[in-house]
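Trainee: Residues per chain are reported as follows:
Number of protein chains: 4
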Amino acid sequence: MIVVMNPGAGEQEVARITDKLKKMGYGVHLSTGENRTVIGVIGQRREEVAQMMEAMPEVEKVVFISRPFKLAGREFHPDNTVIRVGDLSIGATEIVVMAGPCAIEDEEQLIQAAEAVKKAGARVLRAGAFKPRTSPYSFQGLEQQGLQFLNRVREKTGLLIVTEVMDQFTVDEVAECADIVQVGARNMQNYYLLRELGRIRKPVLLKRGLSATIEEWLMAAEYILSGGNYDVILCERGIRTFEPYTRNTLDLSAVPLVKQLSHLPVIVDPSHGTGLSGLVPAMSKAALAAGADGLMIEVHPNPQEALSDGPQSLTPAQFQTLIKELKGVALSVGRLI
Amino acid sequence: MIVVMNPGAGEQEVARITDKLKKMGYGVHLSTGENRTVIGVIGQRREEVAQMMEAMPEVEKVVFISRPFKLAGREFHPDNTVIRVGDLSIGATEIVVMAGPCAIEDEEQLIQAAEAVKKAGARVLRAGAFKPRTSPYSFQGLEQQGLQFLNRVREKTGLLIVTEVMDQFTVDEVAECADIVQVGARNMQNYYLLRELGRIRKPVLLKRGLSATIEEWLMAAEYILSGGNYDVILCERGIRTFEPYTRNTLDLSAVPLVKQLSHLPVIVDPSHGTGLSGLVPAMSKAALAAGADGLMIEVHPNPQEALSDGPQSLTPAQFQTLIKELKGVALSVGRLI
Amino acid sequence: MIVVMNPGAGEQEVARITDKLKKMGYGVHLSTGENRTVIGVIGQRREEVAQMMEAMPEVEKVVFISRPFKLAGREFHPDNTVIRVGDLSIGATEIVVMAGPCAIEDEEQLIQAAEAVKKAGARVLRAGAFKPRTSPYSFQGLEQQGLQFLNRVREKTGLLIVTEVMDQFTVDEVAECADIVQVGARNMQNYYLLRELGRIRKPVLLKRGLSATIEEWLMAAEYILSGGNYDVILCERGIRTFEPYTRNTLDLSAVPLVKQLSHLPVIVDPSHGTGLSGLVPAMSKAALAAGADGLMIEVHPNPQEALSDGPQSLTPAQFQTLIKELKGVALSVGRLI
Amino acid sequence: MIVVMNPGAGEQEVARITDKLKKMGYGVHLSTGENRTVIGVIGQRREEVAQMMEAMPEVEKVVFISRPFKLAGREFHPDNTVIRVGDLSIGATEIVVMAGPCAIEDEEQLIQAAEAVKKAGARVLRAGAFKPRTSPYSFQGLEQQGLQFLNRVREKTGLLIVTEVMDQFTVDEVAECADIVQVGARNMQNYYLLRELGRIRKPVLLKRGLSATIEEWLMAAEYILSGGNYDVILCERGIRTFEPYTRNTLDLSAVPLVKQLSHLPVIVDPSHGTGLSGLVPAMSKAALAAGADGLMIEVHPNPQEALSDGPQSLTPAQFQTLIKELKGVALSVGRLI
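These protein sequence lines are chains V, E, Y and D, in that order.
With the working numbering applied, the first sequence has no gaps in its numbers, which climb one by one up to 337 at the end.
With the working numbering applied, the second sequence has no gaps in its numbers, which climb one by one up to 337 at the end.
With the working numbering applied, the third sequence has no gaps in its numbers, which climb one by one up to 337 at the end.
With the working numbering applied, the fourth sequence has no gaps in its numbers, which climb one by one up to 337 at the end.
Pulled out of the complex, with its shape left as it was, chain V reads as follows (with noise of 0.2 Å):
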């Protein structure tokens, strides 16, 4: 059920609302617009709550929302939710980039990465410290010293940091460290990290697992915002299906999908998306004219010698190219980049 107040209802009269919820047993939401507020009530629906709700003079109106997700649908929150990290506004009309090796190697590597994703117009710094492997043999990440290595490349170049957090013990270290915690595919439904994602106040950045439906992501987003925090980014990253000549199956379709039915932004990520570095520029075009609000891309000093995810890794030249050619596919579509 949300509460849609009267334009004019001002701080004290939303309390009043809010007050009378809470006593009734009620959880809140708060979702200020520019010109009125909209109250997010979590409980048993009612009818006879409804209808006194709707009796308070400074109420519009009270809608029950059909949808599983509340507080990520469109209904709760109709204009698109616009994330502010440090002078970047993601899902407004500037394209945002993410790009950089997919796993932290040395810090020569990282720095190297660094300064040609900046240099090639990327906003965003991605690497991984804390990597989720499918072998425990394989090479498991620098854990805190890449953290270490990322806190001096952010001193060393201005660039943001997003990077994964892997389990609910290290959010706090990470969130630190991140201006964007990442969540994983593979974790997408580990609930206790989601909840543990809700109580910090730094944007996440929640990947859509890889065989988890639309409905099933905008839920795990809803247990962040449920708990609090409000900034949380979608990342399509490839579905799995039968195809076996890419690693997975880009779902674009998510995009335009996603916007309709919430008011988060959408970035896509064509790298772990198709697993191969040539089909990048082309889904990175069509991300973009699918109306993603950014993209993360993988760009490895040099893939052939990649600890992690070589063959989907572009060059910094191939990016640098890329970037250009995305220039005029963004004007297109009346974004920036």
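Treat the hints loosely; a few may be bogus.
Treat identical chains as interchangeable: a pair holds within one or across any two.
Stated by the list, open to error - Listed next, the in silico DMTMM-like pairs over lysine to aspartate or glutamate satisfying Cα-Cα at most 25 Å (straight line):
hint: 1; residue 1: Lys-156; residue 2: Glu-325
hint: 2; residue 1: Lys-324; residue 2: Glu-94
hint: 3; residue 1: Lys-119; residue 2: Glu-215
hint: 4; residue 1: Lys-156; residue 2: Asp-179
hint: 5; residue 1: Lys-20; residue 2: Glu-325
hint: 6; residue 1: Lys-327; residue 2: Glu-94
hint: 7; residue 1: Lys-118; residue 2: Glu-94
hint: 8; residue 1: Lys-119; residue 2: Glu-94
hint: 9; residue 1: Lys-22; residue 2: Glu-75
hint: 10; residue 1: Lys-118; residue 2: Glu-305
The set of hints was computed from the structure by calculation and includes no laboratory data.
Based on these hints, arrange chains E, Y and D on the given structure of chain V.
Mentor: Same frame as chain V, but now just chains E, Y and D:
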């Protein structure tokens, strides 16, 4: 195995080689480019035959093709295939738009749709006379009468016609009416139909099967090509996945991937690919950005009353708006519409 | 809509009702059980027609069928359908085993295989004269010659024959030779072929499509049933998933599910369903335990030299061992083999 | 690389070899069979180390393992692993039945369920205190209180307890209560949780992820095994496909396939695997016939009022009937229940 002739080799030299190969029991397919001719040799791979060929003065080199698709592969035909239909070129700079209703319902509806899509800029009318329907009790199309309506609409509007053939019996009948003969997703591996289509001299639009891999799709094209019909247009129309919100999952990564593997033109059907008219504009733009050579879009004068596929059809007004928006996207990737 | 006649109603009473319905423009299908006749009425649902029918003294009740499949549904025909072929009953207590090579390669190979499977207890020989192959360059079957070999092997061994038909042109030819006509997975939605098979009077074994839902499969059966051929055997043969170790994923839950929804017999093909001969014994046992009415198993005198599907074929010795092991499993679920 | 010791080699000889390997920087895992010890060597493959080992008198041979799973593979441990919990052996001749409600709702419901499943022949009670739920607004389990109820029910009934752990924080707490600790499908690739479970000394029941390949599943087991906990039970619970009638598609071919690749016991959960209680009996029988070592079945005293998964739960009476029917099927494949 393919035999690449010397740049200077003329018809006679080519004939000398092909005769030799035929006498040894091989099948032979010619690809005559601007500079040189390539001979596709179908039959058991034998090292000594390759050596014999390489020893001939008019032969530049012999290449063994590792992929199972031969004539459909880039190795056999390195340039893009451009298919000419009337004054239309498919696979060249211009984006080809095919539009119209799912099924022909009556002459009035067909003419209305045809004029609307022509006005908006479509060059090809799509409309089904024979309809593959899941239920034997659903409307199965106007069949022969539908073909007559198509003939009259072409005369009236000058639009080219693409329409589906469902079985061998009607191949000649449909090919006589259609400018492009369509094979539906459910018939992609109907090999007897494919062989019949190798015999005709009209371009074939081959839709990808609901769960066909890229390789199986190219092998289906190979059936037609190896029959001697080299004009095959591939059409991505969504694959079957676990996602319930969309009818299918449109696999746009198939576009650049097929472009790498094959020389054949590729178009995209975002209407069947998503099943939701609200997603068609975004996915049409994305398809062009991904490198598609054309689009196939369902347009119905009155989607709410359509006998089939109403929810995925655009109104003529929506279609007109979309075509305008597509112009910029096409330009941004060096194409025209 | 189905009209259930009174237990006492005879041919004359049934005719009176069906005449009435036909005059109103409905299609009519009879299901004559031991105790009563059920009339399937195909056409637009109209409440007043139902009321009129219920008012007739020879009618017990009228039932509206909510599922899209009508004649294939349990509601229309509550008892299991038992199909008689020669002295064989498919869908009764006895488990039917169909076995043999994927493709007929030569007469010698076919006879060897036939005698081996007969000795082990198979009642039906499976062997393909027409082969749907992904590549136009692969062995496509011996075609007409293969049918001749099948005729001779039947005379010699007394085995019944199941063999695949791939197109409408050859339906009569194949139906003349075969005791059971098989439709392959790739042709499950070849509606023109299905309609032709509704016309013949030989049982049809309908394989499930590679990515067909249970409902689509039953709708394909409905095409055949609504054409007047009520003898359809369904065959689960694995669906396409993301798992690379097996060729397909054998969906055994389809067996009890189809048994709930439909009255038609269901058999299982563990050879195509897994693609690995090492899994065939376990999955054959599991199929019987799940309630399957029969098995279709690939057996080749010399799997390593088979022209197609060698890795999934059992040797005659392995097949013989398997049949022995199956006897206990069949008994444990009240069946015989 | 695995080092197979001579049959006669005792603890001292084994220690001599493992010390040598550790000094060279390798990780070492022992598998002590009845006749001989096998040493799993984790680290970079080096030919000269293998040769050095083979030259030692107490070593029989050295085998390189080509599969990515090492300790989970049959090559490392050729005999079936039998896991002992109390007086129960999992992976031996006796089929293990785990049954109970999806979630613990209150003590009364739990006791009722426990007594019912015990009476019917179950040896292990399944019941969730911590519940992974798609929605943050759904019932999330009784958590710590649920564990207390489980402790009391064990005392009262003597049943063993299997219950799910959802995060690292509660591993010790859950492991103290549970006889078998369950990892749910959504956590199959929660690597931090898997590592924690490698540390404990309770058997772990590892459910297959919703779209996990067989190889990824065995690699998840490898995480636990390589941590030093060798008691892993694999549980097939259905994979995600396009079929809408069932909740998941139960992949029974996984059972014989995993048995070939691995020595670990495999059980099947037909309740989650189908989502429909009407399919549970047939699929339970099929699972045993396919070679499963046990079953995990949802039983609820009152399925229609269950707080989660009602439609897939059996009533106690249905469960009792099923267990009786399973006895014959188990016998038919040489097992007991």
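Trainee: Hint by hint, say whether it matches the structure.
Mentor: Evaluation of the provided hints:
no. : hint              : in the structure
1   : Lys-156 / Glu-325 : neither (28 Å within a copy, 42 Å between copies)
2   : Lys-324 / Glu-94  : both (15 Å within a copy, 23 Å between copies)
3   : Lys-119 / Glu-215 : neither (38 Å within a copy, 39 Å between copies)
4   : Lys-156 / Asp-179 : within (15 Å within a copy, 53 Å between copies)
5   : Lys-20 / Glu-325  : neither (55 Å within a copy, 49 Å between copies)
6   : Lys-327 / Glu-94  : both (11 Å within a copy, 21 Å between copies)
7   : Lys-118 / Glu-94  : within (16 Å within a copy, 36 Å between copies)
8   : Lys-119 / Glu-94  : within (17 Å within a copy, 34 Å between copies)
9   : Lys-22 / Glu-75   : within (21 Å within a copy, 51 Å between copies)
10  : Lys-118 / Glu-305 : within (21 Å within a copy, 53 Å between copies)
Checked against the numbered hints given earlier, the structure breaks hints 1, 3, 5 and satisfies all the rest.
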